Amino acid sequence: MDYCIFKECILEALTERFGDDCKIEYKEVLKNNGIRLDGLLVRFNNKSISPTVYVNDYYDRYVAGEDIDDIADRIAWLIKNNCLEDDFNPESLILFENIKDRIVYKLVNYEKNKDLLNTIPHKKFLDLAVVYYIAIKEDIFESASILINNSHLELWGKTLEDIDKLAKVNSPKVLKPELKSMAQTLMEIIHHEKKSLDELEEDILADCGMYVLSNEKKQFGASAILYDNVIKDFSEKLNCDLYILPSSVHEVIMIPSILVDSVDKLNDMICEVNATQVPLMDILSNHSYYYSREKECITCS
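Letter by letter, the sequence shown follows residues 1 to 301 of this note's numbering.
If you're looking for bench data, these hints aren't it; they were derived computationally from the structure.
Among the hints, erroneous ones may be present.
[Said to hold, decoys possible] Straight-line Cα separation of at most 25 Å, DMTMM-like style, residue types lysine to aspartate or glutamate; simulated pairs:
1. K124 to D57
2. K31 to D241
3. K31 to D57
4. K80 to E97
5. K80 to D60
6. K295 to E216
7. K7 to D20
8. K100 to E294
9. K80 to E66
10. K7 to D101
11. K165 to D268
12. K295 to D127
13. K232 to D115
14. K180 to D60
15. K176 to D115
16. K112 to D264
17. K112 to D241
18. K237 to E272
19. K100 to E161
20. K158 to D233
21. K80 to D115
22. K23 to E97
23. K27 to E16
24. K218 to D101
25. K217 to D264
26. K27 to D38
27. K165 to D60
28. K112 to E66
29. K180 to E294
30. K173 to D20
31. K176 to E154
32. K27 to D162
33. K23 to D38
34. K218 to E294
35. K158 to D115
36. K173 to D162
[To be verified] Quick list of the computed label-pair ranges, beta carbon to beta carbon:
37. D162 to S292: 29 to 37 Å
38. H287 to N150: 24 to 32 Å
39. K295 to C4: 48 to 56 Å
40. E25 to R293: 52 to 60 Å
If you're wondering where the values come from, they're calculated on a predicted model, not measured in any experiment.
A virtual CB, placed ideally from N, CA and C, is assigned to each residue, including glycine.
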């Protein structure tokens, strides 16, 4: 079964499961780094907002041998359990006062997102771009967020500077920064995924001088480098400049500069990890950044 037929089969299966309670259709969605995905838009008659489920990865599961009915059941479960109830009305977005405290930002790669950036307000930060979101419901932030586009600004009568000021205040509150050593982070992964210590090299678990910066939700946490004084205070605590490795859009890794003997090797490592381990949609950059305590600024390295 090719991909087009697979999409139609999933559509028919979901229509059978939900009946006349909703309208289901496909829409191509431009995501981060120019990735285009096929999203299932589900509009329930008694729900204000329903989730968009992307079927591209599910086709890979089908090709790998998963039964299509099991896939349809999984998608139906996701839809049922991730709807926003009637306590959110999309018409409330018309009123700026209703959403101004939920405007936050994230970082994306500038070059890889030029098509998207043509349609949304943004600010350039080095070779990255700061873009803005409305966080609708914090406990399911990733799926319940709305990218702010140029038409929103026109609707609200606001400027880029207006929403940027709000995002600078809101982001550290809604997406509180979280800074941990690499050892702490790996131990959490072991606990969460129930891996044994034998699955990791013992020396990796030792304090290797690497630190992971994200936010408590671990969503779009690379933007925490923009928070006031987060990088500055940490650099002062270590009494050292920092190299910042863009692990993904969700987090960065910070290394004291005294531990780095070759920036070229560092950047080669970043490129290799991006090419082999990071999903295309999550890649932030292919090189490191440098924080100078003396200049109190971040530059490309």
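Against the structure, the hints come out as follows:
Distance check on the hinted pair: K124 and D57 sit about 31 Å apart at the alpha-carbon level, beyond 25 Å; violated. Of the supplied pair hints, the one linking K31 and D241 is violated, its CA atoms being roughly 34 Å apart against a limit of 25 Å. Between the alpha carbons of K31 and D57 the distance comes to roughly 14 Å, so the proposed pair stays at or under 25 Å and holds. Distance check on the hinted pair: K80 and E97 sit about 30 Å apart at the alpha-carbon level, beyond 25 Å; violated.
The straight-line distance between the Cα atoms of K80 and D60 is roughly 23 Å, inside the 25 Å bound, and the hint therefore holds. A distance of roughly 29 Å separates the Cα atoms of K295 and E216; the hinted pair therefore is violated under the 25 Å criterion. Of the supplied pair hints, the one linking K7 and D20 holds, its CA atoms being roughly 20 Å apart against a limit of 25 Å. For the hint pairing K100 with E294, the CA-to-CA distance comes to about 35 Å; that exceeds 25 Å, so the pair is violated.
Of the supplied pair hints, the one linking K80 and E66 holds, its CA atoms being roughly 21 Å apart against a limit of 25 Å. Using a Cα cut-off of 25 Å, the hinted pair K7 and D101 is violated, with the two alpha carbons roughly 38 Å apart. For the proposed pair K165 and D268, the alpha carbon gap of about 36 Å is over 25 Å, so the pair is violated. With a CA separation close to 19 Å, the supplied pair K295 and D127 stays within the 25 Å bound.
Proximity of K232 to D115 is assessed by CA-CA distance (about 33 Å); at most 25 Å being required, the pair is judged violated. Restraint check: the Cα-Cα separation between K180 and D60 comes to about 34 Å, which exceeds 25 Å; the hinted pair is violated. Of the pairs offered as hints, the one joining K176 and D115 is violated, with about 30 Å between alpha carbons and a cut-off of 25 Å exceeded. Pair hint K112 plus D264 holds up; C-alpha atoms about 22 Å apart against a cutoff of 25 Å.
The suggested pairing of K112 with D241 is violated, with an alpha-carbon distance near 29 Å, which exceeds 25 Å. Straight-line distance between C-alpha atoms of K237 and E272 comes to about 31 Å, which puts the hinted pair past the 25 Å bound. For a cut-off of 25 Å, the pair hint linking K100 to E161 stands: about 13 Å separates their Cα positions. At most 25 Å may separate the alpha-carbon atoms for a hinted pair to count; K158 and D233 exceed this at roughly 33 Å.
Note on K80 and D115: the hinted pairing is violated, with a Cα-Cα distance of about 33 Å set against a maximum of 25 Å. Under the criterion of a C-alpha separation no larger than 25 Å, the hint pairing K23 with E97 is inconsistent with the structure, at around 31 Å. Between K27 and E16 the CA atoms are separated by roughly 20 Å; this keeps the pair inside 25 Å, and the hint holds. Taking the CA atoms of K218 and D101, the gap is near 20 Å; set against the 25 Å cutoff, the hint holds.
The suggested pairing of K217 with D264 is violated, with an alpha-carbon distance near 32 Å, which exceeds 25 Å. This hinted pair checks out: K27 and D38 have alpha carbons roughly 6 Å apart, not beyond 25 Å. Note on K165 and D60: the hinted pairing is violated, with a Cα-Cα distance of about 42 Å set against a maximum of 25 Å. Distance hint between K112 and E66 is unfulfilled; the C-alpha atoms sit about 33 Å from each other, more than 25 Å.
Simply put, K180 and E294 have alpha-carbon atoms about 24 Å apart, close enough for the 25 Å limit, and the pair holds. Distance restraint check for K173 and D20: the Cα-Cα separation of roughly 41 Å exceeds the 25 Å cut-off, and the hinted pair is therefore not satisfied. A C-alpha spacing of about 29 Å is found between K176 and E154, which places the hinted pair above 25 Å, so the restraint is violated. Among the hinted pairs, K27 with D162 is inconsistent with the structure: their alpha-carbon atoms are about 31 Å apart, more than 25 Å.
At most 25 Å may separate the alpha-carbon atoms for a hinted pair to count; K23 and D38 meet this at roughly 16 Å. Taking the CA atoms of K218 and E294, the gap is near 30 Å; set against the 25 Å cutoff, the hint is violated. For the hint pairing K158 with D115, the CA-to-CA distance comes to about 22 Å; that is within 25 Å, so the pair holds. As the CA atoms of K173 and D162 are separated by approximately 18 Å, the hinted pair is consistent with the 25 Å bound.
Checked against the hint of 29 to 37 Å, the pair D162 and S292 passes, with Cβ atoms roughly 31 Å apart. In this structure the hint that H287 and N150 lie 24 to 32 Å apart at CB holds, the actual value being about 30 Å. Distance hint for K295 and C4: a CB-CB separation of about 54 Å, consistent with the stated range 48 to 56 Å. Between E25 and R293, the C-beta spacing of about 53 Å keeps the proposed range 52 to 60 Å intact.
Of the hints listed earlier, those the structure fails to meet are numbers 1, 2, 4, 6, 8, 10, 11, 13, 14, 15, 17, 18, 20, 21, 22, 25, 27, 28, 30, 31, 32, 34, in rising order.
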